[in-house]
Amino acid sequence: ETGVTQTPRHLVMGMTNKKSLKCEQHLGHNAMYWYKQSAKKPLELMFVYSLEERVENNSVPSRFSPECPNSSHLFLHLHTLQPEDSALYLCASSQDRRNTIYFGEGSWLTVV
Amino acid sequence: GEDVEQSLFLSVREGDSSVINCTYTDSSSTYLYWYKQEPGAGLQLLTYIFSNMDMKQDQRLTVLLNKKDKHLSLRIADTQTGDSAIYFCAETQLNTGGFKTIFGAGTRLFVKA
Numbered sequence: 001e002t003g004v005t006q007t008p009r010h011l012v013m014g015m016t017n018k019k020s021l022k023c024e025q026h027l028g029h030n031a032m033y034w035y036k037q038s039a040k041k042p043l044e045l046m047f048v049y050s051l052e053e054r055v056e057n058n059s060v061p062s063r064f065s066p067e068c069p070n071s072s073h074l075f076l077h078l079h080t081l082q083p084e085d086s087a088l089y090l091c092a093s094s095q096d097r098r099n100t101i102y103f104g105e106g107s108w109l110t111v112v
Numbered sequence: 001g002e003d004v005e006q007s008l009f010l011s012v013r014e015g016d017s018s019v020i021n022c023t024y025t026d027s028s029s030t031y032l033y034w035y036k037q038e039p040g041a042g043l044q045l046l047t048y049i050f051s052n053m054d055m056k057q058d059q060r061l062t063v064l065l066n067k068k069d070k071h072l073s074l075r076i077a078d079t080q081t082g083d084s085a086i087y088f089c090a091e092t093q094l095n096t097g098g099f100k101t102i103f104g105a106g107t108r109l110f111v112k113a
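Protein chains in written order, with the working numbering: chain A, 1 to 112; chain B, 1 to 113.
Okay, chain A solo, but in the shape it has when bound (with noise of 0.2 Å):
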């Protein structure tokens, strides 16, 4: 148990769906973040939230789509997705952006 809850953990969507990723953090942290991990490529941070604002957005295509409603909860909205966005999409947050990152256990996506 990291403190950072994602679900769901496993999703199958079709090019033509609409889904989103969830997250939560138990830590009382105010920085959140979105990174995809894809096989043999290194972690590619995608979003960061800093007091639910995004202070961060790396040349994400518009089909991914964060929200962060509150310093606690952060979404990651799909949209008419591509077979190379198959990937590990893990949640993380810190304190602040000094500060330690805790991951969480991550949503394995597989676009069809």
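Mixed in with the good hints there might be a few duds.
What the hints assert, rightly or not - Pairs of lysine to aspartate or glutamate residues, derived as DMTMM-like cross-links and limited to a Cα-Cα distance of at most 25 Å, are as follows:
no., chain 1, residue 1, chain 2, residue 2
1, A, K18, A, E53
2, A, K40, B, D83
3, B, K100, A, E67
4, B, K100, A, E56
5, A, K22, A, E53
6, B, K36, A, E105
7, A, K36, B, D78
I should point out that these hints are in silico values taken from the structure, not numbers from a laboratory.
Following the hints, complete the assembly by docking chain B onto the known chain A.
Frame of chain A; chain B shown alone:
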């Protein structure tokens, strides 16, 4: 520069020591970390070291930091099959954009029984 580099694979026999190495390029690092990722799971924080320290020991884990050479290592004593995983080195930097944590590509540790 922002790079954090690690070798991709390491294979050791059970009971031996494992040493996983990492180099980084940015001298503004504050904290350096080692994370462990087991199959199908997220990254689990193993240990960290503040940039003004040279060494940190935690049970079977020893972290060595050579700030002059920008080299970080993780030594696992008496390596067990349960230590088989991917180990990520990470560095938190302070630059003009603020704080940022950069991850290496991960070293896959194979432990042979």
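**Given pair status - E105(A), K36(B), alpha carbons within 25 Å** = Distance of about 12 Å is within 25 Å: holds.
**Asked** K100(B) and E56(A): Cα distance at most 25 Å?
**Response** Satisfied, since the Cα-Cα distance of roughly 10 Å is no more than 25 Å.
**Request:** For the pair we were handed, K36(A) and D78(B), check the Cα-Cα distance against 25 Å.
**Result:** 33 Å, violated
**Item:** 25 Å limit on alpha-carbon distance, applied to hinted pair K40(A) and D83(B)
**Value:** 20 Å, holds
**Request:** Sort out whether E53(A) lies within 25 Å of K22(A), counting only the CA atoms.
**Result:** 17 Å, holds
**Message:** Checking one constraint from the list: CA of K100(B) to CA of E67(A), max 25 Å. Satisfied?
**Reply:** Between K100(B) and E67(A) the Cα gap is close to 21 Å, so the pair holds against 25 Å.
**Item:** Holds or violated: K18(A) to E53(A), with C-alpha atoms at most 25 Å apart
**Value:** 24 Å, holds
Going through the hint list in order, the structure does not satisfy hint 7, though it satisfies all others.
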